[in-house]
Amino acid sequence: MKRFILLLVTFTWVITLLAQTDLHVAPYFTKRFVRTHKANMVKLSGETLEGYPLEVFQSITTKLSTDEVTSLEKAIAMDTKNAEQQEAATKHGRLYYGFYQLKASTTLPYRRFLFYRNNGLQPMGTPTYTIIYMEGRTTLQELKRKFAP
Amino acid sequence: MDTAYYKQLAHAYFEATTTEVEEKKLRRFLTSSHASDKCFDEVKVVMGITTLIEQESVSMTSLVTKQYAITKQILRRAAIFILGISVLSPAVVYWNPQSNSECIAYINGQKITNRQQVLAEMHSTLATTFRNADSHQPEEQLRDLFSSLTK
Numbered sequence: 001m002k003r004f005i006l007l008l009v010t011f012t013w014v015i016t017l018l019a020q021t022d023l024h025v026a027p028y029f030t031k032r033f034v035r036t037h038k039a040n041m042v043k044l045s046g047e048t049l050e051g052y053p054l055e056v057f058q059s060i061t062t063k064l065s066t067d068e069v070t071s072l073e074k075a076i077a078m079d080t081k082n083a084e085q086q087e088a089a090t091k092h093g094r095l096y097y098g099f100y101q102l103k104a105s106t107t108l109p110y111r112r113f114l115f116y117r118n119n120g121l122q123p124m125g126t127p128t129y130t131i132i133y134m135e136g137r138t139t140l141q142e143l144k145r146k147f148a149p
Numbered sequence: 001m002d003t004a005y006y007k008q009l010a011h012a013y014f015e016a017t018t019t020e021v022e023e024k025k026l027r028r029f030l031t032s033s034h035a036s037d038k039c040f041d042e043v044k045v046v047m048g049i050t051t052l053i054e055q056e057s058v059s060m061t062s063l064v065t066k067q068y069a070i071t072k073q074i075l076r077r078a079a080i081f082i083l084g085i086s087v088l089s090p091a092v093v094y095w096n097p098q099s100n101s102e103c104i105a106y107i108n109g110q111k112i113t114n115r116q117q118v119l120a121e122m123h124s125t126l127a128t129t130f131r132n133a134d135s136h137q138p139e140e141q142l143r144d145l146f147s148s149l150t151k
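One line per chain: the protein sequences are U and L, in this order. Under the numbering used here, the residues of the first sequence are numbered 1 to 149, in order. Under the numbering used here, the residues of the second sequence are numbered 1 to 151, in order.
No wet-lab data here; the hints were simulated from the structure. Do not take every clue at face value.
Claimed, not checked - Reference listing, derived: stretches of chain U covered by chain L, where coverage requires no fewer than 3 residues with Cβ under 8 Å from a Cβ of chain L:
(1) 35-41
(2) 46-55
(3) 88-102
(4) 120-133
(5) 140-148
Positions of the beta carbon are idealized from the N, C-alpha and C atoms, including for glycine.
Only chain U is shown next, with the shape it has when bound in the complex:
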């Protein structure tokens, strides 16, 4: 009995650990990051997104140091390594923008999307960086159609 309980506890903690380490960009969507970087953050989920084909919307727009940009680009590269669909462009050797539909999660019934934009690389743009994470029953094309200006 004691062995069974120990096994159960170990198993559940392993699951917790796996759930927490799902995305490398997750630390950017925390209140702590918003506070330390004076970033702009938008978080919407559940009923508040009624009428939209989304279940979760999270975005961060922030200024970053050169080292932080490198870390963020690495995190995005790792998270989008097995992306199902992607549209990305580079400018001056840096990732300019990237729209990715992530590999389907075994625990989520929705599609997951990760967007990145280096705003400083566009003409007259401010030197800020935007990361967006979304979950929903939609497609990359539909999102573009609905939200692109």
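Using the hints, position chain L against chain U.
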């Protein structure tokens, strides 16, 4: 402790020459831990002290058993609590994002919870992110690539 004195008292007890006070004294001595000598066993039996000591030992055993039972119960409850936390925490991690309804924005250090305003921020962020994305066509990307190579 003067055991010789109590040996004399025990002898006097059998001779029926002890006073009531002396008997009380002897009884008190026999129930103490100092009366472990075997020579007092007989007088203990006669005075009915053996039963008393046995009763005390039985009550001590039941006390120990009771304490053990309480400790076991506390440990069992602690185990159930730890197990419960271990099972619930992953459940919260998994199901919280879907069941929770969140609507919050931090814009220039200001917290916004009004749904319309937060939705407007969402639209604005997505529009900015998609802006000019299509204009960065492959030709432009190739030009950018070659310009960085010739630098």
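How the hints compare with the structure:
no. : hint    : in the structure
1   : 35-41   : holds (count 4)
2   : 46-55   : holds (count 4)
3   : 88-102  : holds (count 8)
4   : 120-133 : holds (count 4)
5   : 140-148 : holds (count 4)
When the structure is compared with the earlier hints, no violation turns up for any of them.
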